[in-house]
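S.K.: So the sequence lines, in the order shown, correspond to chains A and B.
The numbers in this note's numbering rise by one with no breaks, and the one at position 252 of the first sequence is 252.
Converting from the second sequence to this note's numbering requires adding 342 to each position, the first position being numbered 1.
Everything labelled a hint here was simulated from the structure, so no lab data went into it.
Be a bit skeptical, because a hint or two may be false.
Okay, the calculated beta carbon distance ranges per label pair [said to hold, decoys possible]:
#1 Glu-366/B with Arg-265/A: 38 to 44 Å
#2 Glu-366/B with Gly-48/A: 53 to 59 Å
#3 Thr-191/A with Ile-362/B: 38 to 44 Å
#4 Ala-276/A with Asp-372/B: 15 to 21 Å
#5 Asp-368/B with Arg-265/A: 20 to 26 Å
#6 Asp-372/B with Ala-246/A: 22 to 28 Å
#7 Ala-204/A with Gly-408/B: 47 to 53 Å
#8 Arg-20/A with Asp-368/B: 51 to 57 Å
#9 Pro-306/A with Gly-383/B: 46 to 52 Å
A virtual CB, placed ideally from N, CA and C, is assigned to each residue, including glycine.
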Amino acid sequence: MTGEPVWRPAVLATATGDGRVRCDLCPHACVLADGEIGECRVRRNSGGRLETATFTTTVAHLDAVERKPFFHVRPGSQVLTAAGPGCSFRCNYCVNHRLSQYGRPGGSSDFAGDPAQPSTLVSQAADAGAAIGLSYAEPSLAPELTLALAGLAAPRGVPVLWKTNGFLTAAAIDLVAPVLTAVNVDVKAATDAAHRRLTGAPLAPVLDAIERFRAAGVWVEVCTPLIPGVSDAPAEARAIAANLAAIDPAVPWHLVRFTPDFRMRRPDPTPPAVLARAAADGREAGLTFVYVERALGDQGRATYCPACGVVLVDRTLWASRENHLVDGRCPGCGLAIPGRWA
Amino acid sequence: MSEAEANDEVVFVASLPDLIDASEYDDHPDGRLVRLRLTVGADGVELLGDAFRPQELEALLRTLGGGPTEQMLCG
Numbered sequence: 001m002t003g004e005p006v007w008r009p010a011v012l013a014t015a016t017g018d019g020r021v022r023c024d025l026c027p028h029a030c031v032l033a034d035g036e037i038g039e040c041r042v043r044r045n046s047g048g049r050l051e052t053a054t055f056t057t058t059v060a061h062l063d064a065v066e067r068k069p070f071f072h073v074r075p076g077s078q079v080l081t082a083a084g085p086g087c088s089f090r091c092n093y094c095v096n097h098r099l100s101q102y103g104r105p106g107g108s109s110d111f112a113g114d115p116a117q118p119s120t121l122v123s124q125a126a127d128a129g130a131a132i133g134l135s136y137a138e139p140s141l142a143p144e145l146t147l148a149l150a151g152l153a154a155p156r157g158v159p160v161l162w163k164t165n166g167f168l169t170a171a172a173i174d175l176v177a178p179v180l181t182a183v184n185v186d187v188k189a190a191t192d193a194a195h196r197r198l199t200g201a202p203l204a205p206v207l208d209a210i211e212r213f214r215a216a217g218v219w220v221e222v223c224t225p226l227i228p229g230v231s232d233a234p235a236e237a238r239a240i241a242a243n244l245a246a247i248d249p250a251v252p253w254h255l256v257r258f259t260p261d262f263r264m265r266r267p268d269p270t271p272p273a274v275l276a277r278a279a280a281d282g283r284e285a286g287l288t289f290v291y292v293e294r295a296l297g298d299q300g301r302a303t304y305c306p307a308c309g310v311v312l313v314d315r316t317l318w319a320s321r322e323n324h325l326v327d328g329r330c331p332g333c334g335l336a337i338p339g340r341w342a
Numbered sequence: 343m344s345e346a347e348a349n350d351e352v353v354f355v356a357s358l359p360d361l362i363d364a365s366e367y368d369d370h371p372d373g374r375l376v377r378l379r380l381t382v383g384a385d386g387v388e389l390l391g392d393a394f395r396p397q398e399l400e401a402l403l404r405t406l407g408g409g410p411t412e413q414m415l416c417g
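Chain B with its partners taken away, still in its complex shape:
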């Protein structure tokens, strides 16, 4: 798999932590808030994101590269 293909890949995972609290909804009525958390560990850098508009966050993660994007399913 090429690096570009790996960046486009989406893997479904059971859970991901929330970075946005519901109390913040009214402060961002247009849903443009994106929050990111960078963690440096023994295996490298992990980038966790949260956003009201998933596709904008996914586009950002793809641009930054580094491998497949994990997504939590709804319902």
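If we strip away everything but chain A, and leave its shape as in the complex, we get:
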């Protein structure tokens, strides 16, 4: 681990005059004078050139795809997840704050990580029959690494996945979507005001990103942490579900329990009853596939055929137990189930 970032040239930059550079990666659209660092703390203007510290590996962990979570992507497979520091959000509840909140108050001031070695990561994933995942911190801050990994991964049949906050510009999505197989996007609040309070960023770009990724052919699943005072009230959960159902009723929606951590230590964890109610609300809003990670047991994690009710994928706590799909279809009635199954 270096303790200091290694900076490399970054993509998605526009010179705005007087040596300033606008970062076109996320909707913060930071305009940086020479030497300034962006809101994310991992992209900067150096001599009129945009640079990134995100071509970095702090961790590279092999784990089940269900942990991202992806429930409609290659059930039972593994993902080699790589991450370096940085996030475009400043969520008060972040369990991964030591990595994600680098450079921010309460986050780490020491940069943990070494320059990423894409060929090593891709070989490790390919040898394990795994996908490559960028997660834990914010992968959308690392389009350069994503493209480098994908260039090596594609010939070896290794999919590339993101677990992301979805806070990207249209240009950034257009750059990375062609190389991504799937993204899981966090939708953390129902209203713009609540989203800004929690994350420091507006909500609309996140919903726009879901639509743009989908339009580009990327498989999209959505996570919503039920956070006290932000997204745990029935009206909030219903509104988020309605937003998603309006995009596509078949978007898988994962409901996640809040963990008191970082700057939100006082509230209690989300009660199972609140998760169960939100799941019911999601189905009532028209969503076909609603999941609760662990609080509701195996039933909350299983995929059921929306036509005949047969269990299609049976899951244990953190992995798939049995995948009954036949070429992506229900073995009972033959209905095609949306996802990336092979």
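Fit chain B to the given chain A structure using the hints.
M.R.: Okay, now just chain B, sitting in the frame of chain A:
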């Protein structure tokens, strides 16, 4: 590295076993349950913890000392 620095260090690991089952959530609505497992092996004593409130568990592990705390990342 001093012993105090080692105790403050957090190392990210790929996985750690669960000690709390979801069926116990309703019994601890305030999230104050902490469960610990001590294992004595050839290399010494290993202390595994699980809790709803990570920072309280981490504070406890730091107090007990013995080296860096391992943490599993989310997502």
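S.K.: Next, verify each hint and record whether it holds.
M.R.: Verification of the hints:
Checking the proposed 38 to 44 Å range against Glu-366/B and Arg-265/A shows it is violated: the Cβ atoms sit about 20 Å from each other. For the pair Glu-366/B and Gly-48/A, the supplied restraint of 53 to 59 Å holds, since their beta-carbon distance comes to about 57 Å. For the pair Thr-191/A and Ile-362/B, the beta carbons lie near 33 Å from each other, so the given range of 38 to 44 Å is not met. Take Ala-276/A and Asp-372/B: their Cβ atoms lie about 19 Å apart, and the range 15 to 21 Å holds.
Against the hinted window of 20 to 26 Å, the Cβ-Cβ separation of Asp-368/B and Arg-265/A comes to about 21 Å, which satisfies the hint. A hinted range of 22 to 28 Å is violated for the C-beta pair Asp-372/B and Ala-246/A, which are about 37 Å apart. Between Ala-204/A and Gly-408/B the CB atoms are about 48 Å apart, so this pair conforms to the stated range of 47 to 53 Å. Checked against the given bound of 51 to 57 Å, the beta carbons of Arg-20/A and Asp-368/B, roughly 55 Å apart, stay inside it.
In this structure the supplied range 46 to 52 Å holds for Pro-306/A paired with Gly-383/B, their Cβ-Cβ distance being about 49 Å.
The structure is inconsistent with the numbered hints 1, 3, 6, although it conforms to all the rest.
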